[in-house]
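> Residues per chain, in single letters:
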Amino acid sequence: MPKNPNVKRVLVIGSGPIVIGQAAEFDYAGTQACRSLKEEGMEVILVNSNPATIMTDGDIADKVYIEPLTAKVLEEIIRKEKPDSLLPNMGGQAGLNLGMELDESGFLAKHGVTLLGTTAKTIRKAEDRLEFKETMEKIGEPCAPSLVVENIEDGVAFAHKIGYPVVLRPAYTLGGSGGGIAHNQIELEEILANGLRLSRVGQVLVERCIAGWKEIEYEVMRDGAGNCITVCNMENIDPVGVHTGDSIVVAPSQTLGDKEYQMLRSSALNIINELGITGGCNVQFALHPTSFEYCVIEVNPRVSRSSALASKATGYPIAKVAAKIALGYTLDEIKNAITGKTYASFEPTLDYCVVKIPRLPFDKFITAKRTLTTQMKATGEVMSIGNNFEGALMKAIRSLEQHVDCLRSYDFSALSAEELKERMKIVDDQRIYLIAEAIRKGVDYDTIHEITMVDHWFIDKIAILTEMEARLEREPLTVELLKEAKRLEFPDTVIARLTGKTEEEIKTMRYDNGIVAAFKMVDTCAAEFAASTPYYYSVFGSETEVEETHPKKKVLVLGSGPIRIGQGIEFDYCCVHATWAFAREGYETIIINNNPETVSTDFDIADKLYFEPLTPEDVENIVNVEKPDGAVVQFGGQTAIKLTESLMKMGVPILGTKAEDVDAAEDRELFDKILEETRIPRAAGGTVYTAAQAKEVANRLGYPVLVRPSYVLGGQGMQIALSDQEIEEFMAVINRYEQEHPILVDKYLQGKELEVDAVCDGTDILIPGIMEHIERTGVHSGDSISVYPAPTVSEKVKETIAEYSRRLAAALHVIGLINIQFIAMDDEVYVIEVNPRSSRTVPYISKVTGIPIVDLATEVIIGKKIRELGYEPGLQPAADYYAVKMPVFSFEKIRGAEISLGPEMKSTGECLGIARTFNEALYKAFLGAGVNLPKHRQMIITVKDADKGEAIGVARRFEKLGYIIYATRSTAAALREAGIKARKVNKIRQESPTVMDLILGHKIDLVIDTPTQGRDKSRDGFLIRRTAIETGVNCLTSLDTAAALVSSLENAASQGEMTLIDIATIARRGKA
Amino acid sequence: MKAFLILEDGTLFEGIHIGAEKEIISEIVFNTSMAGYLEVLTDPSYAGQAVCMTYPLIGNYGICKDDMESDRPWPDGLIVRELSRIPSNFRCDMTIQQFLEKNGIPGIAGIDTRALTRILREKGTMNGMITTNEKYDLEEILPKLKAYTTGKVVDIVTCREKYTLSVAQDLSDNGPISGSSQFRQEAYERGIREKKPSMVRELTGSGLKVALLDLGAKANIARSLAARGCEVTVYPAFTTAKEIIDAKPDGIMLSNGPGDPKECTEVIRQIRMLYDTDIPIFAICLGHQLMALAAGADTYKMKYGHRGGNHPVKDLETGRVYISSQNHGYVVDTKNLDPKVAQPAFVNVNDGTNEGLSYTGRNIFTVQFHPEACPGPQDCGDLFERFIKMMWRKKNA
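Those protein sequence lines, which keep their order, are chains B and V. Position in the first sequence counted from 1, then plus 53, gives you this note's numbering. Position in the second sequence counted from 1, then plus 410, gives you this note's numbering.
Here chain V stands alone, though its shape is the one from the complex (with noise of 0.2 angstroms):
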């Protein structure tokens, strides 16, 4: 079946319908991540969006369970040069086309991404539509298009209860550790086959009790603060500042999540009080940005924003690059910022834009990157590390 992808500017692509048969009006993003399309689809931060991937061959493994970064997929659609026709994966347990179809995910496939993402580049982000309606009226769509706003996602994606993630009590809790002799020689000779390759290498955080605030939280931002011992309780974004304060945790994280930093006016509020606990606090993200409006500072909308796996970020304390995973649209504007409140800690090499904030005399560190990966590079997984060391000086002192 035919499809189109209108976007407000008038431009159309003709392409053909892949997944759910719906019609949608969504914000058009572009990730370049050359593997991990089911985490991109999966990441609630995705939510009020439609996803383009700039890779042409997406589903090659098809749909791995595991490899999911919530319950269900959040972009309401997804845009593709080609699916694959089988996946091959070991641990394959569907095919993205049903995938799609069982979540209720349209999208269209077979459309020139290359010369929509240099579209979204030059012109900005920008909303569209994907139809298979041939009889399609732009005059009726294109103000429909332009009124569209992404809105209070995060009210959608954050979950309804608190609940508390298992710990991992020793290594083997979080399956053998890829790579490991241990592994390799023992466990494979048992004939376990590893699900779940870990960097995580020690305990460091048995004992800790950390609260997440689930703006839309990726799971791995909770399974690597688990996997390293930590207890994590993960709270509902509409969750009071006092509720999590009462609980005493060692430390809170405030997770990534969708839309626009400014919507999420409640929430900000409820982060100012955190912040003016000593709570050792990480954030990522969205947690970033509202952390930093929660302080006085302000964001803004970028041109068509990051989305992938390969963007450099230099700590500048130490100078040091790392490749990161992004996935954002706003960013903390630091030309305004005041150095008393808190002093950029990482920059974007590629654009310069800031990637990260230390507040000055608190216990506060956020990234805007995405220390969790999944998908994109693990390089900066230490940063947990990080903020464990933070909770234990505080909790010893």
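Next up, chain B with everything else stripped away, as it sits in the complex (with noise of 0.2 angstroms):
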């Protein structure tokens, strides 16, 4: 079928912001969609409230609205460009849910917007609880028994008559939001009322637990004249209980026949035909672990993260095919783009085995519970190739990046059998190490199956590993069992450890027996057919299929790995865009990454793809293979720039700054003497790597101090502390893992924050523009609202800080990107900190000032000069606009997760809110961020001591908006004083109502809670802002923040019409 003649102007929705359960996948469907109907000669209208995003670029559609993903906001859109057809499917459940409306309340009929891919009906009948069970019964597809409800007591009364444990499943949300596994009525009645409340439709179902089944998954394309077909199958190692987000997945699977293979094969697309889905489709289904009973958990009638997952792990571009499957094409008219030669019409085959393991945030929330369940808490993942299990595990384990790199990296050596068997019964994120330690322990298999449901083949890898382990430990090392060890991914660390030779001894008795890694291609067919995709994963023990590359300069990119807090998907736009201007320039680009989910590992991104751990070991096999003539790492966060001295030892130029500079600005000695020559001030400090030294700094510095570890990025570890004892707690946390650097202790100093990213040449700075938090200091500036232009600070401050960054960059040498934060006190301005290499802010300050910085930043590496692109440098006219970036936390799904702000970064993404004034600009921001205020105009108001003078200021603002103030006693007396009529209410272990029935009554807007310095998880502040966040109510733990929604708030009550910006106009005008 060829495409549709009617289709020419195409609306594309985005996922909006980065939280758990939706992250970079989307801009990586998005993306991929987008450039595949450019190639089809469609004009693409974006929308993504994400400014990190790469699909946000003004070359990747032709029109691009960072709004508020919001029915209005499309609506305006809708009349102001005329699409003719909307796609929907590839902004993952916000997208869809947002289409959804718009076709339900008859909008896009009446404007004649044509819903592109799946219908509107058939997402109701996938997403819908009760119409898809109706549908599964009607073609004989299984369902758990269950049960949709929309009330407690007939939740109760079903749990009863089919018995506990029952899981509860609430509809319309994202990553699982809400649900989990009840296993009596007092945890049902609390997970069901929450989860009613959650649901855009108010329903949840409740069904029989299948705790401890296989999960399998499927994933399915079918395109308009039912052609289906498989992509691949996946396997979670956790059964059925875990969210497949935070299982660890193998693809494809591995312990079932192909009667079982087929059985669940021929269920999805049953499935998928009967729903009528025409593009892609995820189905999870729960297989009985001894017979072939099976049940549907669920259909995604989208693009998904476990779309994205397939798609990496087969080289089968699922968003691209979905998107031209939406134009209507059929498979059969679409061309294999790894093969060139087939066609999207068959079913890719591994010869290889790829192991995902989920990257959860528990490093970073260390008061949080680490137990899995049915709702996700990973922020992001990463995936491995090898061509045995054990390998592709070893891989991932240590692509993670959380100081993991064998099974043995969790120590529970101390467990005694026993208690490794009580241990194992908790299903969290350590649980393969424990199954290692209960192998080492002598207990059998059928005992460690029986207590975690993880299939016996798994087990036995993990034996396999252990085994290895303690060959290396008590055998002599022999090449025979060098080449094993590898052949199993035992990288040359763990097997130095364990053979107690060095790393340098293994290296060389491999390199001297030939044991080098090898590289394969992932070409979807098995070898059948020749590829001409770069795509490649490493393996010992084979013969490589890398080929001779053409006599072009080389440059390795390094990817920033799994998206973590504090390393988004903003360090993936910097490497794809660093890429592609290399790549103008004439370069052959090599990209190494281990993120699935990313544009970065597209395989049509670089010349060439390696799709491999970021350590050294693993890019020196690479290095090896294609010896670049260079490498740039400061597009690639931390992960890249850790990577630099190992580089170097390996004969690889580091591109752009040097990496001695880079260590000028970490290391505090040689950074201090740089201030010192360039007459910059600075916090006053000290370094120190105990915590008597600390104290002692803090002591002499006083109280309260900022410390915090150098070296990391997103303020890892950062606190601020007010006494001796913080300090004994903080170092004690910075301590558990082992510092290779010395930790800071600073003065903290309360100001106005300020950040600038630049770009520079060595001799010119390019500043495209000053931004502004809103928060003062002691907020992470990755959880600070920021605004662009400084709306706030005096001209003098700007010249200041031009002044300062042109002197910091020279000093340094910089070439490429910097990123510096400075303090204005008044009109006093203090460096914070100077990163030499891109930031979070970097794709932000470059949409909206239409200065491609990335591109520049390449250019200027590669040699160029500012002036030569055209460009005057310095700090470049403020805009005519403003823009605010504003975080954006996924707190509602890590249970017992402080969220209180502070110098730790905890957002895990970001929205935009930009307009032609800074408080319609500020509005825009906070509803893009999911604050749509006022509701039931409610609030309360709790504060220390120190912030009343300034919360009266706020609660009179919020009063003025017709909010009633609860507040508690203290507070309210505050505020009374004022003048305000607050109400007082009692605190949560006094007498009822107390501030906790309040919230929990579902009744109230808004929680300012501002936490008394220092952790105070085991105070009543630590519960009621856990309470308001599960309960789903905003909450503010800075009264700036507060202050800023008042004053958007504010301007919604007296304005109207909201005003659009297309970015694409501003990046053109930006580069013209």
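Be aware that a few hints might be false.
Unchecked claim - Where chain V lies over chain B, by a calculated footprint (3+ residues, C-beta under 8 angstroms):
1. 506 to 517
2. 963 to 973
As the list claims (entries may be wrong) - Just a sample of chain V residues kept apart from chain B, beta carbon distances all over 12 angstroms, derived:
3. GLU431
4. ASN499
5. ALA525
6. GLU532
7. LEU548
8. SER616
9. PHE648
10. ASP708
11. PRO749
12. SER768
13. PRO787
Simulated from the structure, these hints should not be mistaken for laboratory data. Everything numeric in this text was worked out from a predicted model, so none of it was measured. Yeah, the Cβ is synthetic: ideal placement off N, Cα and C, and Gly gets one too.
Reassemble the complex: the two chains are provided individually, in unrelated frames, and hints are given to aid placement.
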């Protein structure tokens, strides 16, 4: 079927800010879809509130709106741009819900907009629990006995009938928000109440618990003519009960015979056919481990995290093909981009094994529960490819960058076999390490299987790894043993540790005996057809397939690994743009990365893609084969920066800012010297290693002080300490892992925080703009609301910042990007920190100023000068609109996480508000972050004593907007004294009704709770904040944020029409 | 123990010996299915060949005897990257190691199967030797390898005597239907663990007699017909056309099988006689090739064939594409096909080769791929329904 001639202007909805359960995979899918549509000559209009994405670039779509994803905004855009079609299934659940809302309201029909791809009717059939169940019954596909309930009583009655435990799944939520397993009535009532509230339609499915069954997924494609294929199937090592996003997953399935494989495949195709899906779809099954009984768990009628994983695991570009199907093509008309010979109507076959491990944020939220449930908690994931399972698992483990490199990385050796059996009952992210220890302690496979329900096959594979550990420890290291250890992907570091040799000795022994990595190709067809895609993975003990490439200059771009809090897709944006810029300059580009969700690991971004861990050894394997002319590390976040030294040892020149200059910015003494030379002031401080030293420095400076490790991103481990006791606590947390670098203790200065990202060519510096943070210093820059252009600082401060930036860049000999953070107190400017590399704000500032700084940085790295590139150096004139970057958090997903803002970053994503006025921009940013107020016009204020004065101002403004203000005793007194009619409400442990009852009553819009300094997890404040978050109530912990919110609400009240700004226009203007 | 795979072009792979201790010379082919190694091993079409599985992890779920496509494995040898140390499946009867040993099949593990596949893809299917003899002499071996042919393998794999399959009287004879609510609620509660998931939903073939000519038939061809209610009588390949016609079947099924179709001169002669009757005929794989040869068309050997479970075939009548299970090294040449005899009905989307024929003016249709699946996708199972409809039309005419 040829493409539909009526489709010319397509509106694509992105997924908005990155939250747990909806992450970079949608930037990958959306970018692929947009490029695929443009390839077909479509005009693409893109809406996404997330400025850090690649899809929101002027060169990806024709019109780009970084606007809040609400029905109202979309309606405005549709009126303005008049698209003929809407593609809703690339933006995850958020995009799909929005598309549905517009369809249901009749707006699309009225404006002549067709929904492309899967129809609204299909989406309803797949997403509405009741309709889905009925459809499955009609075609004889089994679901677990279940009932959709809209109130608690029905839920309790049904659970009583089918028996506990039961699983609860709210309809229309993402990442399984609000779901869980209830083992008794008390748990049921609690989870159900929450789920009913979170569901967009107030429905929750209560179903028979199939926990412990095998969880198997199929990625399926169907075109408009009804042709169906499965792209990939995947098996979760963690059985049903753990969200697939938090499970270790292997592709293809390992423990299914052809009967089971085909039974579920046929079922998946039956389902996709009956639902009439056109495009991609994910079907999840539970398969009874000792029978052929299975249940359909759920169907996602859109691209998903799993489809991104399946695309990367197989080389089959699901989103790209789905976009073409949406235009009317059939699968047999779409070329397989990898082979260039075959067509999209085939099923990829793998001749390797893929392992995915989730990146869980428990290193950030050390107080949070590590337990894994049906509620997803992972912020990102890593994927690895090998030709045996053990090796793929080992590669994936070391790709995580969580201080793990083998199955001994969590030490449970102190536990006895009995203790291990108990401990294994807890399902958490450490389970494979526990299983490994249980095997070491002689617990038999059957027992481990009974407790964990992990299949014997996987247990045996873990055993093979523990046996190798033991052999390396006990036996002399022969060539044969070393070969076998490398086949299982034991890194040299681990072999060295286990054999008591040095890493260098192991490497020498390997090289002397020809034990080197070979590279194989991912080609979708198990080598049946010749493939032209240079997409590689490494294995030991095979012949290499990498072909000698043409004599162009060759550059290695190091990716940023899994998405984590503090290192998000911003860095993928930078890597991808740098890669494109190098390619334009005639370089051959090579990307190394291990994150299956991102654009950088799409096989057609760089000339060559290596899907590998980002450790020195793994990178060296590639360097040995590719012999690049240089590597860039400044775009890949801390992951890439950490590899600088190793790359230099391998003889690979670092392009751009030199390694010693990067060091100078991080090394306290060197940096202090530079500041002295350049006459730039900074907060006093010192470097320490121990708690005793830290206390000494702190007492010399006077509290409060800022404590942080050096060489980290996202302020990991950074804290404000008020006392010796807190110093001890924080130092203990930081020193959980051995620190290679000293810990910094600085005097804490409270002032305005400002930030610049700039490009320096060694002589001149180009500063696109200055960003000002709404929250005072002390809140991590990634968690602050950031405004461009800086709205409240004087010209003098701006000039000083420009001047200091120039001096710093010159002193550090920066070639490429530099990020500098400042504090302004009155007209005094202090520098907080300098990072001679890309930062989280790079995509944001590039987009809102129209100055493509990654491209410019790349050109500068190659040797061009800013002036040659058509830019006048220095601080660029400010824009005539405001852009507000708003952090977005995923606190509701992580039980037990402290939500109060501090020097350690906690946000998972961001969105943008852009408008002619500051207040409107602010309003849009809040709206984009999901703060859609007012609703009930009731709020709670409880602030620490020091904040009471400021709280009065904020409260008065809320009162003016019609808010009823509840406050705890002392706050209420202060407010009343100031003439605000605050209602006093009891503290948690007092008589009912208390603050808690109010929050749980679902009548509160907002809680403002400023925590007493330090960590007060045990105190009431923590409980109030957690309850608010888990009840879906907005909770602010900084009065600056609260003041910004009230400004935005005042604006909303006074303003009618929203202004829309096409980012692509800014981009084109910037380039001109 | 060390083992070696020597190809006729002199390429040498060193690996570990698996299975029976025996030296073999055979035609080396590769199969790209990710699951279903037992079905591959027990498919008689592999007689005279040694199979390399491109998926690197083999034996993961052991051997489930229920899944065998004939009563023994047929390949001369098995070539894998890695055999699983333990099997894991609730139905597992034995390990693949035991199975190979018991049935006298040698093999080699631990070799770079992807490198081997690339060689076969580039140079075409080749003969080779699997040996544990470390003192092998290439000069002596290579001429032997070049001289090897699969020969008249159909004679080896076909059944010795005709037999009749029991017929499904109702759907439950096929085992509870996977996914059916009946199975879920009642059977499961009774503790029944389904053994043969079946996708058959109706007994459309009840009352029809099918004669199946066993050229090396996979068990699931007869099972697919019997499961739909057909009474299936399986005849040895050397049965005369007369004997089959005299039995007055409602339809004739020509099975898959091994080797070069042109070697089967006598069978082709008999099939020509079947062709000249008006009994509905459905043929699969070798049966399809033999029917084409019987009707005057030609076949040729492909460079490296189609073996796997992911080949797209397009139904030229409807335009629909199906993912099919395949195993063939020869193919019908449609270049000089007389449209008055037959028209292409299916085509391979990847390489455009013929995947099925519809015989002009006759109740005959034949396919190159495997609608009986096992291993592989079950997407084309309704071709058996088509055959049943064809038989009913003829019977009721």
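> Work down the list of hints and note, for each, if the structure agrees.
Results of checking the hints against the structure:
Here the stretch 506 to 517 of chain B counts 5 residues with a CB under 8 angstroms from a CB of chain V, which clears the bar of 3, and the coverage holds. Interface restraint, the stretch 963 to 973 of chain B with chain V: violated (0 residues with C-beta to C-beta distance below 8 angstroms; minimum three). Remark: the non-interface label on V/GLU431 is consistent with the geometry, its nearest Cβ contact in chain B lying 23 angstroms away (cut-off 12 angstroms). The beta carbon of V/ASN499 is not kept farther than 12 angstroms from every beta carbon of chain B, the shortest such distance being approximately 6 angstroms.
Under the 12 angstroms C-beta cut-off, the non-interface status given to V/ALA525 relative to chain B is violated; the minimum distance is some 5 angstroms. With a closest Cβ-Cβ approach of about 8 angstroms to chain B, V/GLU532 is found to fall inside the 12 angstroms limit, against its non-interface label. The beta carbon of V/LEU548 is kept farther than 12 angstroms from every beta carbon of chain B, the shortest such distance being approximately 20 angstroms. At roughly 21 angstroms from the closest C-beta of chain B, the C-beta of V/SER616 stays outside 12 angstroms, upholding its exclusion from the interface.
In this structure V/PHE648 is separated from chain B by more than 12 angstroms, as the shortest Cβ-Cβ distance comes to about 31 angstroms. No Cβ of chain B comes within 12 angstroms of the Cβ of V/ASP708; the nearest lies about 25 angstroms off, and the non-interface call holds. Chain B leaves V/PRO749 outside its interface by the beta-carbon criterion, the shortest separation being 23 angstroms against a cut-off of 12 angstroms. For V/SER768, the condition that its CB be more than 12 angstroms from all CB atoms of chain B holds, with the nearest at approximately 20 angstroms.
A Cβ of chain B approaches the Cβ of V/PRO787 within 12 angstroms, the least distance being about 6 angstroms, so the stated non-interface status is violated.
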